[in-house]
Structures are given as C-alpha cells and as structure tokens.
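Protein chains: 2
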Amino acid sequence: MSLPALKNDRLIRALLRQPTDTTPVWIMRQAGRYLPEYRETRKQAGSFLDLCMNKELACEVTLQPLRRFNLDAAILFSDILTIPDAMGLGLYFAEGEGPKFERPLRSAAEIKKIGVPDPSEKLRYVTDAVNLVRRELDGQVPLIGFSGSPWTLSTYMVEGGGSKEYQYIKGMMYADPGVLHHLLDTLAQSVIAYLNAQIEAGAQAVMIFDTWGGVLSPQMYGEFSLAYMHQIVDGLKREHEGQIIPVTLFTKGGGAWLEAIAETGCNAVGLDWTIGIDEARQRVGEQVALQGNLDPCVLYADADTIRAQVSNIITRFGNHPGHVFNLGHGIHQHVDPDNLAVLVDAVHEFGHDIRN
Amino acid sequence: MSLPALKNDRLIRALLRQPTDTTPVWIMRQAGRYLPEYRETRKQAGSFLDLCMNKELACEVTLQPLRRFNLDAAILFSDILTIPDAMGLGLYFAEGEGPKFERPLRSAAEIKKIGVPDPSEKLRYVTDAVNLVRRELDGQVPLIGFSGSPWTLSTYMVEGGGSKEYQYIKGMMYADPGVLHHLLDTLAQSVIAYLNAQIEAGAQAVMIFDTWGGVLSPQMYGEFSLAYMHQIVDGLKREHEGQIIPVTLFTKGGGAWLEAIAETGCNAVGLDWTIGIDEARQRVGEQVALQGNLDPCVLYADADTIRAQVSNIITRFGNHPGHVFNLGHGIHQHVDPDNLAVLVDAVHEFGHDIRN
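From first to last, the protein sequence lines stand for chains A and B.
Residues 83 to 438, numbered by the numbering used here, are exactly what the first sequence covers, in order.
Residues 83 to 438, numbered by the numbering used here, are exactly what the second sequence covers, in order.
Quick caveat, the hints were computed from the structure, so don't treat them as lab data.
No incorrect hints appear here.
Which copy is meant is left open, so a pair is good if it fits within one copy or across any two.
Distance condition first, Cα-Cα at most 30 Å in a straight line; then the derived DSSO-like pairs of lysine-lysine:
# : residue 1 : residue 2
1 : 334       : 246
2 : 137       : 319
3 : 204       : 194
Could you build all of it, start to finish, from the sequences and the hints given here?
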C-alpha cells in the first residue's frame, strides 16, 4: 500500500543542503515527559516499555507535539535500547534510575552468543509503529527513524545500565579489544537491519544517536565508535521509493571530530551546545548539513531570552543551506511546553528573516 | 619557621616549561579509595569530612601514595567544596550519592547574603594541614594546593549537589545572569584568599579544578567560568619566599578552548583524555605547560597495555619541555594499586628515553 506523499519537505531539503523558505526545526525527545498529554498516555500504557511496544499509543505520543507546535518533523517514539532487548538482555526501567539490563554482557562467552535480531520478528512492534505513524501523519511532515550507535548500545549492554566511569566496557576496550570489536560488529549489523526495516516501513530520514561517543579518547572514538557508524552509513538504504533517505550522525561531545564524522558519507551531523555552529559550519558545512545546537536549559528562561538565543544560532549559521534547528540534547522534563512554542516560532521567524 | 627546601623539583620545572631529566608524574585523587591504607585511615576518621578536617589524618593520607609510588608531587587531601561549606551551606555526604548541601542557593536574596570566608578562620583546618604536610614531606617532592573553580563550586551550591541537567544554575544563568555573576565574583574572591592562604602555608604549586566547565556553550564558558578563573590567576601570589608558584587550570571537557585558557596567564593547562596531547601541544605548547592526559580506565588493563598507552602519550608530546604526566581525571576507586606502580615507572622510563 503506498504511503502519503510529503507536503512539508523543509527537513529533508535542509538535510540534503537544498534551499528552504525558512529553517526547519524539530526537538530531540519532543514526544516526552514535559507534555501533560504524554504523561496521561504513559499512565494508560503502564510502563515505559509497554508504551514503546503498543503501536497505537506509540503513534499517539509521536503525534502529540505536532498538535501543539509548528514542528517540521515527527520522530518515532521509541527507546534506543530496543535492539539489546531484542537480543535477550532483559531491558527494564528501575524507577528514577534509568534503563537497566537483567543480563549484562561481561564475558567473551556471553558476547559470542549474541546474534543479529531479525527486525520482522522481535522488533516488529517498532516497524508497525513506524508504518502507523507514517499513515496517520498523512504527509504533514516527514517521519524520522532512529537507533543508538553500536558504541552507545554496548555501554549499556556491558555496564548493565547507565554509567559514569565505564569501568567494565573500557576495561574490555583496553584489555580485550577483540571481544568488544565482535560485539560492536554484531551491533552494527543489527542497526543496519533495524534502520533499513524502519525505512521500508516508512521512515523518511534516519538518525543515529551516539550519546556516549564523547567519553572516548580521539583514537578510541575512531576505532570503537566512528568505524561502526561508518559501517552503518555504508549499509543503509539511502533511497526508497524514489526518495533519498538522509542519514544524520550525532555524537554528543564530538565537536572535536566533526571532520571525521562528515567523512563517513552521512548527510548531516548533529551538534551539542558545546561548539559554536559558526565554527562547525566553517569546518564541515560544505560537506554536510548541521543539526542543532541550542543548550536545552535555555528553555528555562523567559521568552525574550529564548528568542535572543535562537536568533544567535541562526545568525551564526548565516544565510546558507543545510541547517536543521534543534536542541543540543533532548528536551528536559521540567520545561514549560509554552516555552517550546516560543522557540519553534522564533526559529521560523528568524530563519525566514535571514533569507531575505 | 622556614619550611624544608625542595629536593625533587621536576614538577615545578616542568610546569614552568624548563628542561627536566624525565617526565614528572602525579595522579589526580592519588590519595584515595583505591588504596587499602586510605580506606583504613578513613574508617578511623569517621566521615569523609572528619578526615578532611583532621590535619594529622589528612596529612597521613596525603603521604600514603608517596610511600608506594615514585610520584613527583603530593597533593593536599581535601575536598573542592570546603569553601561553600565555610560559607554556611552545610556540606554533607549522603552514602553512595556524593556531596550535598543542606541549604542550596536558589534565590537572589540567598546569594546576596553569602560573604567571602576568612581562610584563617573556618578554613584554618586546610592551611594547618598544608603546613603539616609540607613539614612532613621534608622537601621530598613539592606540595600542590587546590580549589574548585567558581563555576564548578556554584553548580553544587545552586543545584544542592551533583547534577546531570544543571536545571537550576543554568536556569539562573539564562534568566537572571546578574545574580549568578554576583555569586561567581564572591566565589572568585574567596578562591583567591583561600589559595593565597595555602601558598603562605606552604603550597608550592596550585591547581584550579573546573570539573563542570565543559557543560557550557563556548560563549557561556567564557562569561561564566573562564572569566572568573582569569580573575583568580590575576589575584594569586605568583611568588612566595623567592620561589615561583605555578598555577594550573583544568577544565574537564575544555579541549576546544585551550587557547582561551592559556591566555589567562596560567602556567599550565590540564587536559582530559578526549583531546590528543600532540594537538594540544601544537596549539598552546609554546605558551603553557600541559598536564595529562591518560584515560583513567587504562588502569583496568594489563601491564603491557598500560605501558603502551603511557608510551603513546609521551611520544605524542615529544621531546619538549612542559609535560606533567597525569590521568585525564581522578583515579577510579576499583583500580588495582599495582597497576598505578606500572604507570608511574613507565612514565619515568619513557620520559627518560625520549630525552636521549
């Protein structure tokens, strides 16, 4: 069955560094806890995982922010840890503690047992949700699919949850690198299959979140994180039903490595707020689009300050193609949703102004 | 009473970019939980704060790592949050949760009440410990004094403890910057008085830890963190009893801003492990010494890997004056102390080799 064609294609055009009438904007975690309607649906669903796995409810929360804000993209509501869960590690969310795995991987034997999950089986709930969202969107804006990066997924899988010191995975990285490479290669193959399945189900752009690449040294980043994102970029369907599918890579804390990230052949690079977007554009702006890069904490300020900070980023990027406005990390749960409305409208206003 | 003169001056010479026979090495948190003798003394003391405030026991744990390892410096055993505690915020350590304040600062009125603590009163326990350590060291190696940076101290004071999102302090930074500037100026004056008192008590070098500067955007880093470290560098006694007192600034995650940090007039810049020391030396190595920059997780590996990683950093720095070897952050509590011995000896061996 053919899916609805796109009416607002600002996001796709900007990711491909084509001219747009104004700067497109979407927000990492735009479907999330800062919205009262999300908290309501979450209550209905039961647990966070129940919400991810129920395609109707996942679709509903994906669409909620689009009803409030003039956003230029939807992003599938899901979790980055769906792949390790499908691998049998037993994902759960301890109240107030973030994600955990019942069976973390600490030995070569455990890692060797892990296989590539077939996305049409244990991850079917994700592609079903993608397909439903895509039909419900009816072409209003494009739908972004996503995955965690192999390195980022592996940190949770080896540590057993979030980490501050990365004792186990970095211990493995320095003491037994071949075992970690085996895990990362399995994950890269899994991410390729998973994202290609999302593309076939209707995702019109994909993004890879390398949330923890920034905890590595430059050499280790190249060897243990970027190399596997490169493998994924090479393995993705870059075109589907006549449309190019842009790929965005985002390494939080990766500002020093933009050139190397751009060299993978991705279409766009995500920026956190610790690098000036003017500097980033000078370094790689002829090669890739840039997505970012407002400090999420700006949304705790008043409307005038939010507008000034939005204007600052748009002015620094300048009148060039290839900017997708976003925060430098996910929106915080305690932000007032009205402040996000101020941000979104300011992006379109200043994005329009700078083109004229 | 005159204090013992220095026998091993490698650290001071390297910080001043003077030639040395080999590369000096010390380790952030070298007096700490990874050492069984530390854990023993800590038990005797009672709480962590009791240990900091007991000059004999603080002196004992400061000296413990020097009995095991061929280190080129001692660093006072203390906490970065002594200043806010002396300001009356009520520092305490919740088991397994890190530092907390009973009375965090959330309003302009609370911030306006804060004054500069006289180091000869409520911080007397620190200068007494400095003086005792200096005498006990008997010139074996130099003693480093330290403080947290104003920005880093303020994050704990406003958030009430450690933070992931910095909601309150960044909210203040964007919504009410004048109030935060008032707090940071008070802290800068306090740090100047505190470090000058440590220098008068016998500290032979000082270091400022800006542990959380890296969570800021480039502009906000300049305005809210670096400006106040600059104020401190300008206000410190840079010479005492005929000896130059080198100043080291360390912003974790500050690799992008090395030029600006070096411009403050400090003698040395600390590096975490996310930047190559060869790149750092090319950028600022003619202006300042560099301290760092091994990933602390290398100490989870075997001796051969540790030696190879040490050699890598010394080779990248090359045969130039101005390198103090260190980890890129504090040593982790679960590291085997024998692995640190391997590291220290490897630094001296390879540091000697590269000079010949």
